[in-house]
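S.K.: Here the structure of chain W is known, so what remains is to put chain C in place on it, guided by the hints.
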Amino acid sequence: MRRFFLVGTLFVLFLLEGTVFQVFAPEQYGFDFQLIPRFVTVIVVMIGMVLSPAYGVLYGVVFGLLHDLIYTDLVGVYMFGMSVAAYIIGYLSKVFHLNWFTTLILGLLGVTLMEFYVYELFSLINVTDVSFPSFFYSRYLPSLLLNGIFLLIVYYPVKRLLEDLSESRRQENQAKRRSFL
Amino acid sequence: MPQFFSNKRLIVLLVSIIILVALIGTSMKERDALTMPEQFFKDSIGWLQSIFYKPANSVAGLFESIGEMKDMYEENELLKSRLNEFVAVSEELKTVKKENEDLKSELNIDSSTGLSNYQTFHANMIARSPDRWNDLLTIDKGEQDGVEADMAVATPDGLIGKVKNVQPFSSTVQLVSDVDRTNRIAAMTQEDKNVFGTIEGYDMEKEVLLFSKIPVDTKVEKGQTVITAGNGGIFPRGIVIGEIVDIETDNVGTTQTAYVKPASDLYDINNVMIIDRGAQNVNPDEGEGEEE
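Protein chains in written order, with the numbering used here: chain W, 1 to 181; chain C, 1 to 292.
For reference, chain C alone in the conformation it holds in the complex:
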């Protein structure tokens, strides 16, 4: 291969490296919205992906349910025994809610402006990035269904991420496990005292979230549940993020970092809930009763 690196080819290679760097540079910038062609491609391919994804998923679901069949009996017994408990708890919840509302109205707090008000709507996952470097999902609801960028996305178990880009008929979700310096969540634990901090990244090898900026004099323990704090502006208060599995004091010694195991399985995702916090400003009557 004598002309493997002829002058002309070398120039083409150099030019394409320059173009590569320029492209990465421009697409790494914070962008409010995608360009029209990008939206068009993502939408039309999203539609094709859903054709492939849905049958495959139902086949996988069938196998899974056959596998679950044998545990069914034991599980049923357990659930029956928990059912009585559930009735008692839900009665208690009702009275507490009523009491809370009464107290709020006595104090003249408008219940629609709380940190923890939100509406949810459901969407299905239709694709996922095959290379695990980018943890992005595609879901089948878009701008037409009322999805907006930066809305929180959760499964019934807990938070999984936020909406990154919106196309007319589909949108892209960035999972909490995606390494990105802008992927931050204000979080807190709620035992006897509220402890605030920030979820600042994901350890890919340990598969835990880093809950950092916790003041060193506050006490956090293993097993505590971490929820969203709601003062970051994007997420409402009270969505479960995960459970603390380990705690470390930082090098400087002024803050500590807790490792949080996500409550929802980030790989076994089918149906997701998109959490819309903005609805409270439009219509104050809505948003109540939607909380879970």
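The following block holds chain W by itself, in its conformation from the complex:
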């Protein structure tokens, strides 16, 4: 049940990124900077931290593929990026004691990894010709702020949901082991 709730939340966030958020995007009102919502990535990275890196990879593959199919015409870019970001951050998080601050830093590091990887890849295959300073200042930094605020807003509910999920999974596994014996 909780798992469906998690998948449902991610899916709704995925839809919001392309629809509701685009209605209120800053370019419409004449601003120079871009705010790129990476809400799904933020949650997927948190899954990698709280549940396990393997689950992060699983969710990253599914929602990355969805992003590729719906919002781009190259299949594979976000699928690879999201899952690798979740995996690396998932492993890094074992070094730290997780509280809201370390989660914020690691989550933003995950978004950074993906943002830079996508920029470099798209520059390589000529999907974009934006110069690095322009990418960094008018796109990366404002987006980082947006996603950081998003992470802080959803931190407590998402953390509770994920911890409940991992708890119920542990109990399930124990019950299974018991029934084997």
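Just so you know, these hints were derived from the structure itself, not from any lab. Check before you lean on any hint, since a few could be wrong.
What follows is a set of in silico ranges between Cβ atoms, one per label pair, in the way DEER data are often shown [to be verified]:
hint	chain 1	residue 1	chain 2	residue 2	range
1	W	Phe11	C	Val87	18 to 24 Å
2	C	Ser65	W	Ala175	33 to 39 Å
3	W	Ser168	C	Glu205	48 to 54 Å
4	W	Pro133	C	His122	24 to 30 Å
5	C	Ala60	W	Asn126	29 to 35 Å
6	C	Asp265	W	Ala175	31 to 37 Å
7	C	His122	W	Glu120	35 to 41 Å
8	C	Asn231	W	Asn126	23 to 29 Å
9	W	Glu120	C	Glu205	16 to 22 Å
10	W	Asp164	C	Thr120	38 to 44 Å
11	C	Thr120	W	Asn126	28 to 34 Å
Under 7 Å between C-beta atoms, here's a sample of chain C residues computed to sit facing chain W [said to hold, decoys possible]:
hint	residue
12	Leu20
13	Ile45
14	Tyr53
15	Ala60
16	Met72
17	Ala127
18	Arg128
19	Ser129
20	Val179
21	Asp268
Just so you know, even glycine gets a beta-carbon here, dropped at the ideal spot from N, CA and C.
M.R.: Then chain C, alone, in the frame of chain W:
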């Protein structure tokens, strides 16, 4: 983290990089149509997106109209003064059109085969790529409504792009600002002499289109309007693209490039027109009177 890079994981990583490259390679190729599962996903998610997009858009529209309210009075005065002008111009247009038709019939030109004949139909935008690398829109009309790939898409202000992929109930529009070597438009300016060139890309930082391949001996000026030329096969003649803001001579010195500011705001898009040029071949009587 001792087993961060164990052998098994390294192999998995390498294999997935190879798969990534293969996937990008296959999906970068020019494709006529999307595969069935892709179409299915895009259509069903397009339907869900429209549920989210429409209410949000109407809320944003409400705020916008409240903001516009205070300029209303001045605008109204201005428009009233322009109204008389409009009547005169539309009368003139009528006579000119009539005269044009008479002349054409005298010369035995079939008026339905012109470069500038087209039909339009309307569609609503339902989503946009959230990462600004790909400038793709999703609109709520698809194959069932008669949309075909490569049709031109415009707002009342001017051209915004072309249809890239068509699904049964929705389609994807590639904006003119999308960096893609196949995203080219035959364009021209129409002052005293027709000047032809190609729109060959978009400068993301200056937010202008590059109107290049203009012969160096022809004169183009700032402020001239650029329209589609209609000889590229995809677009009909006469859709406004934008206005020239700057001109540069190329390195070699044989051609010049003009920077064109798009006439329509590429970020504030709600309703779009899909321009169907093919209708003229099916029924020569249609297509007249639809021009704007």
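S.K.: All the hints need checking, so say for each whether the structure fits it.
M.R.: Right, here's what the structure says about each hint:
| no. | hint | result |
| --- | --- | --- |
| 1 | Phe11/W - Val87/C: 18 to 24 Å | 54 Å, violated |
| 2 | Ser65/C - Ala175/W: 33 to 39 Å | 59 Å, violated |
| 3 | Ser168/W - Glu205/C: 48 to 54 Å | 50 Å, holds |
| 4 | Pro133/W - His122/C: 24 to 30 Å | 41 Å, violated |
| 5 | Ala60/C - Asn126/W: 29 to 35 Å | 34 Å, holds |
| 6 | Asp265/C - Ala175/W: 31 to 37 Å | 59 Å, violated |
| 7 | His122/C - Glu120/W: 35 to 41 Å | 40 Å, holds |
| 8 | Asn231/C - Asn126/W: 23 to 29 Å | 27 Å, holds |
| 9 | Glu120/W - Glu205/C: 16 to 22 Å | 18 Å, holds |
| 10 | Asp164/W - Thr120/C: 38 to 44 Å | 54 Å, violated |
| 11 | Thr120/C - Asn126/W: 28 to 34 Å | 33 Å, holds |
| 12 | Leu20 | 5 Å, holds |
| 13 | Ile45 | 5 Å, holds |
| 14 | Tyr53 | 4 Å, holds |
| 15 | Ala60 | 5 Å, holds |
| 16 | Met72 | 20 Å, violated |
| 17 | Ala127 | 4 Å, holds |
| 18 | Arg128 | 4 Å, holds |
| 19 | Ser129 | 4 Å, holds |
| 20 | Val179 | 6 Å, holds |
| 21 | Asp268 | 5 Å, holds |
In the structure shown, a violation is registered for the earlier hints numbered 1, 2, 4, 6, 10 and 16, in ascending order.
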